[in-house]
Every structure is written in C-alpha cells, then in structure tokens.
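Chemist: What follows is each chain in one-letter form.
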Amino acid sequence: MPLTQISLRKGTKTNAQKAAIMNELYRAMRETIDVPDDDKFMTISEFEPEDFVFGRHYMDIARSDDLLIIQLTISDTRPWEKKRALLRRIADGLEKNVGVRPEDIFVNLVETKLENWSLGHGIAQYVEKDTAA
Amino acid sequence: MPLTQISLRKGTKTNAQKAAIMNELYRAMRETIDVPDDDKFMTISEFEPEDFVFGRHYMDIARSDDLLIIQLTISDTRPWEKKRALLRRIADGLEKNVGVRPEDIFVNLVETKLENWSLGHGIAQYVEKDTAA
Amino acid sequence: MPLTQISLRKGTKTNAQKAAIMNELYRAMRETIDVPDDDKFMTISEFEPEDFVFGRHYMDIARSDDLLIIQLTISDTRPWEKKRALLRRIADGLEKNVGVRPEDIFVNLVETKLENWSLGHGIAQYVEKDTAA
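Protein chains in written order, with this note's numbering: chain A, 1 to 133; chain B, 1 to 133; chain C, 1 to 133.
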C-alpha cells in the first residue's frame, strides 16, 4: 500500500535511472517494512529549476541539482525501528546500486490508518473482506 | 475541504472523461461524507509510462494502464462507516457513470485536523470565525 | 523540514512571481513556526484548466483562476496558536508582497511525526544523531 511520490529536477535522471530508483525503493520497502510482492505504486514528477527549490546546505548537507524528494505515504503500523531501517536502506540502496549521493536523498513519511486504503473495487482490503466482484 | 489529487497515465483519459471522474468524486463526497456544495478542490496529474509504476496484480486485482491513483486529503472527523461508504461510492460511481473498471480505482485517504485548512484569507474557517476582510 | 507543494493554473504566474511566492512562504514559516535557516523544500506544479478544478464560491469566498493551492507537510509539534499565526502570515505576506488576492490562497497542513524525516544520508536527523559520513 505505500504510495511513493518522487520529485526531481527535470533532466537529471535517465529513464533507466528512474527505473532503478523505483526498484531500489521497492526493494527497501520489501526488506524493511514487510511490503508484499507487487505492492508497488509510484509516480515521478519532474520539475523545471524554478519550480524545484531546496536548501542547498540545510543541516550542513551539501545538496545538488540531483536531489530526490521522496514522499512515502504508508500505514501507521510500523514501530520506529522499522521506519529507521527503511530510511537507511533507501539511502544505502540508492547510493550503492544507482549512484545517488546520500546528500541528495530527502525522504518524508506520511502515515495514515490501515483502513484508509482501497486497492481496487471500492473495498478497504486491509480491514474488510473482499465482498466485491 | 477535501483536497483531491488524481494521478493517471498520460493519454488514457479525454478531457470529458477527466471532468466526469472529478464530478463523480465530488458527488461521492457530497453523498457520503457531508461535503458542502462547491467544496471541490481537485487536481489531475498525467504521467509518462516510465513515471507511473504500479503493481499489475497486487492482491489479485488485475490493474491496467487505465489505473487511477486517487489521494484524498480530508479532515479526521469521519467514523470508519462513512469512509467505507465513500470508498464504495467512488468505485460504484466511476464504474457506472464513467466506465472505469473497479480494478483500476486505487484510493488513499490522508486525514488531517479540522484546524489545518484555510479556505482563503488566512483564516482556518472550520475552527475560527472569519474575522478577515 | 516542511515540504511545500504548490499547485496553480498554468500561465497565471511568471517565474519572478513564483520565486516571490516561495520566498514569502519560507519567510512565513521562519517567522511563525521556527523553521531554521535554509530549511526550504518546495515544488510548484502547474495545471491545465481542465486539470485544476476548484469551488469558485465555497464559503462565500470569490476565488479566481489565480488560486494557489498550497499543501504544507510539517511535523506535528506545533500548537494551534503557531499554526494559526502561520496561516495568517502566509496570507498577509502573499497579499502585501506578491499581490495575491487573499481569496486565492488555499492552504492545507498535513502533519507527520518528527521521526518521519530524513534530510539526507538515510538518517532521521530530528530524532537521531548523525552517525553517517
């Protein structure tokens, strides 16, 4: 159920790099927060420079135009330890397997209730039996 | 106050279909979660195929390129029964009146406090009297 | 850490106006909710008219095509008084310094836990010591 929304500056990533980024995010979620097979819902939005503004040195982290702003909407069912592992795993995977600088990985988690997801058919599958179709 | 953000694959919907989708979402909110007349704030973002990735069989639901990912930010004032009715009504209306397959309707609710909305003038209208202008 | 996502109708703002809007939002956050220097992460998405739909008179507020829909994701650490000041300061600043009509300023706050932010390096800086690089 995670919904992953990635924002980046236009032209900083090839299609192959974008696919690799999404794959790494998916693997990170699979390995750290028990996301099931094929539970992968992700969008990438590219922005012109004037529409993508970020602090280039906030917290003494040297960000570049390659910055990824990753917003993950997930259920509020994970303890901090799992979320902490997710954040580390995302940064490790993106660095090692896609070559993203760790300084350029901004992640924000938005948590919502388990009942707040319908994966299809108008059913909230995580809390109700599928009585549709 | 709901803020409705719809994501879809570029070219899969005509303008008429997009208008019909937004109209159905609005009607669903009006009928199930007491959204007032004209309380309709919605955006549609279209994505290239490489920027719009989804599980094509997660939970044994056969999704197609026509998938709609609908994120609704609403106040956290509704009991589960109302949210459940909203999810069903969205799927029913989109299927019957717009022809969207129920498998292609992904909905995520994000809940926020009633005080977290300003509809204009810098006032949080749901919790303060309008003392502006 | 606030993540600011601004939606507007395509062509209604120049690049200079967009920069001024983001600057005012940043100043408002600096002055009312204790946002540190350079903590500025913002995107602007422009929409075609058919993809940007809003109630033109909801709550008797006369909105125009110049509407700004501003979604701010922030930590859930501020009391209502600070959020109230933020909403007012945003509207005041945008009106006085950028010329945005107060009727055209829609703001929604989404609150998330302090632990739900990584500003880089896979560390949740607000709750852990930076043990990375």
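It cannot be assumed that every hint is accurate.
Just so you know, same-sequence chains aren't split out, so a pair can sit in one copy or run between any two.
Straight-line distance between alpha carbons at most 25 Å, and here's what the computed DMTMM-like set of lysine to aspartate or glutamate pairs gives [to be verified]:
| id | residue 1 | residue 2 |
| --- | --- | --- |
| 1 | Lys10 | Glu95 |
| 2 | Lys113 | Glu50 |
| 3 | Lys13 | Glu128 |
| 4 | Lys96 | Asp65 |
Just so you know, these hints were derived from the structure itself, not from any lab.
Chemist: Decide, hint by hint, whether the structure agrees.
Modeler: Hint by hint, here is what the structure shows:
Only within a single protomer do lysine 10 and glutamate 95 lie at most 25 Å apart by alpha-carbon distance; the minimum there is 20 Å, versus 30 Å between protomers. Taking the shortest alpha-carbon separations for lysine 113 and glutamate 50, neither the intra-copy value of 35 Å nor the inter-copy value of 29 Å comes in at or below 25 Å. For the homomeric pair lysine 13 and glutamate 128, neither the shortest alpha-carbon distance inside one copy (40 Å) nor that between copies (30 Å) is at most 25 Å. Proximity of lysine 96 to aspartate 65 under the C-alpha cut-off of 25 Å is restricted to the intra-copy arrangement: shortest distance 19 Å within a copy versus 31 Å between copies.
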